[in-house]
Amino acid sequence: MTHLLWRAGEIRSTGSCSTSAPPLAGQAWITELSQVGLDPTDPFPLGYTLSDSWMRAGSLS
1 MTHLLWRAGE IRSTGSCSTS APPLAGQAWI TELSQVGLDP TDPFPLGYTL SDSWMRAGSL
61 S
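Just so it is clear: in the sequence shown, position 20 is 20 by this note's numbering, and no numbers are missing.
It cannot be assumed that every hint is accurate.
Stated by the list, open to error - Label pairs and their calculated CB-CB ranges: (1) THR14 with TYR48: 38 to 44 Å; (2) ILE11 with PHE44: 43 to 49 Å; (3) SER13 with PRO43: 47 to 53 Å; (4) ARG12 with LEU38: 36 to 42 Å; (5) LEU5 with GLU32: 20 to 26 Å.
Since the hints were made in silico from the structure, they are not lab data. Given the structure is predicted, the values throughout are model-derived calculations rather than measurements. Think of the CB as a built atom: it goes at the ideal place given N, C-alpha and C, for glycine as much as any other residue.
The task is simple: from the sequences and hints, build the whole structure.
Here you go:
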């Protein structure tokens with residue numbers, strides 16, 4: 001079980017913005033490790049959507 005303790009932190013100004021750095025304490029467990037790679041021969045390096053394959057009106061004329 002993951003258990004974290006959090007409380008509001010000190011408010012600071014950074015230029016025109018206000019920020020907060022809340023103290024955080026607790027423990028958690030890593031439940032999964034994964035590795036993702038890109039194949040240089042992937043024909044769709046930016047992804048694929050259904051609209052890429054659906055015919056548009058008038059495309060068969």
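For each hint, the structure was consulted:
no. : hint                         : in the structure
1   : THR14 with TYR48: 38 to 44 Å : 41 Å, holds
2   : ILE11 with PHE44: 43 to 49 Å : 46 Å, holds
3   : SER13 with PRO43: 47 to 53 Å : 50 Å, holds
4   : ARG12 with LEU38: 36 to 42 Å : 39 Å, holds
5   : LEU5 with GLU32: 20 to 26 Å  : 24 Å, holds
The structure meets every hint from the earlier list without exception.
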